[in-house]
Amino acid sequence: MEIRQRRHDDLRNESDEEDEVISTKPQEIDEQERFTWIWLPCIFLGLAVFVYASMHLINGHDTTARVLHAVSRGPRVPGGHPEYRLTKGELAIFDGVEEERIFIAVLGQVFDVTEGKRHYGKGGAYSFFAATDRSRAFSSGSKSDGEDVSSFTDKQLLDVHKWLVFFDTHKAYKRMGTVEGVYYDKFGHVTPTMHTIRERIRLAKQAEEAVAAIESCNSEWKAGQGSVVWCQDPEKYPRKHADERCGCFSASDIAMRTDLQLVKDCKEKDKRCVSPA
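Numbering of the sequence shown is given in full-length UniProt numbering, commencing with residue 1 and proceeding in unit increments.
The reader is advised that the hints may include incorrect statements.
Unchecked claim - Beta-carbon label-pair distances, calculated as ranges:
(1) S142 <-> R202: 21 to 29 Å
(2) D243 <-> R118: 29 to 37 Å
(3) G146 <-> S275: 38 to 46 Å
(4) T153 <-> K88: 24 to 32 Å
(5) S142 <-> E115: 21 to 29 Å
To be verified - Below, computed lysine to any residue pairings styled on SDA-like, alpha-carbon distance capped at 20 Å:
(6) K240 <-> R257
(7) K205 <-> K171
(8) K155 <-> E209
(9) K171 <-> E115
(10) K236 <-> K205
(11) K88 <-> F187
(12) K240 <-> K269
(13) K162 <-> S219
(14) K267 <-> S216
(15) K174 <-> Q109
(16) K236 <-> K267
(17) K205 <-> D154
(18) K117 <-> K143
(19) K155 <-> E244
These are computed hints drawn from the structure, not numbers from a lab.
For every residue, glycine included, the Cβ atom is placed at its ideal position computed from N, Cα and C.
Let the sequences and hints guide you as you build the complete structure.
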């Protein structure tokens, strides 16, 4: 190629300086080839080594790897942070010792309670709740109780649910996601057990609200005279109902319900019940 180009230049009577420029092109191509075949592979190899070393460093630190793994599985919650999808082992990290933050779980829902470290941190009165799901303990008070509340009465379920609402609405605590177990799977989907618990809580709340709507009896006690129970509404009768409470019911209510009992020292048609001292 160079000889042909030179002959062509001789016919055109080009200068030697231009010949030199033309003759250097193969050298430039050699430099490009050298970069392509020698330096570029070296650069890619260096990047690969760097990435491998970085991953090895992260995986070598169990806590870091598990936290990153947990965060990566969930969507973002309204607060903006990624929603965690934790295994029980991953939840166990967040005890305020191995990991600075403190997480607790109630009915499978995970909350960051780091702001309450003096309560839930090491040495705190409620430290046994940290880094695990002890839903049963929110009603039983037993430090060793676990997560499954399936055997609880409706009243006990409402006790646990009130704690769930407490953590969910507390200004200092944040909902972080879910933990895999009785109530949620590894993707954060509710389990059949959780569906059942939710329905039981819904019905129990309806029953509680119905009880709260019942007019309470008036009562008075005087030394030497005893106690008197009566209803503000003159058309209603005192009766014992849920948890031995005294409520006021109409005649039609009494006829339709089988769970109502007479108040002590009270007859069927009495609207004022007197118990002597």
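Legend entry - Given pair status - E244, K155, alpha carbons within 20 Å: Within the cut-off at roughly 14 Å; holds.
Legend entry - K88 and T153 - C-beta distance against the hinted 24 to 32 Å: holds (26 Å)
Legend entry - Pair hint K236 and K205, alpha-carbon separation not exceeding 20 Å: Not OK: K236 and K205 at ~25 Å, beyond 20 Å, violated.
Inset, instruction - For the pair supplied as a hint, K236 and K267, confirm whether the alpha-carbon distance does not exceed 20 Å. - result: holds (13 Å)
Legend entry - D243 versus R118 beta-carbon gap, inside 29 to 37 Å or not: holds (35 Å)
Legend entry - Given hint Q109 paired with K174 - CA-CA distance at most 20 Å: With Cα atoms ~11 Å apart, K174 and Q109 stay inside 20 Å; holds.
Legend entry - Given hint S219 paired with K162 - CA-CA distance at most 20 Å: violated (30 Å)
Legend entry - Hint consistency between K240 and K269 [alpha-carbon to alpha-carbon, up to 20 Å]: Judged against 20 Å, a Cα distance of about 14 Å means the pair holds.
Legend entry - Hinted pair K117 and K143, Cα distance within 20 Å: holds (18 Å)
Legend entry - Hint consistency between K88 and F187 [alpha-carbon to alpha-carbon, up to 20 Å]: Status holds; Cα separation ~13 Å.
Inset, instruction - Decide if the proposed pair is consistent with the structure: K205 and K171, CA atoms, cutoff 20 Å inclusive. - result: Distance of about 24 Å is beyond 20 Å: violated.
Inset, instruction - With respect to the beta-carbon atoms only, verify the hint that S142 and R202 lie 21 to 29 Å apart. - result: holds (26 Å)
When held up to the earlier numbered hints, the structure conflicts with 7, 10, 13 and fits the remainder.
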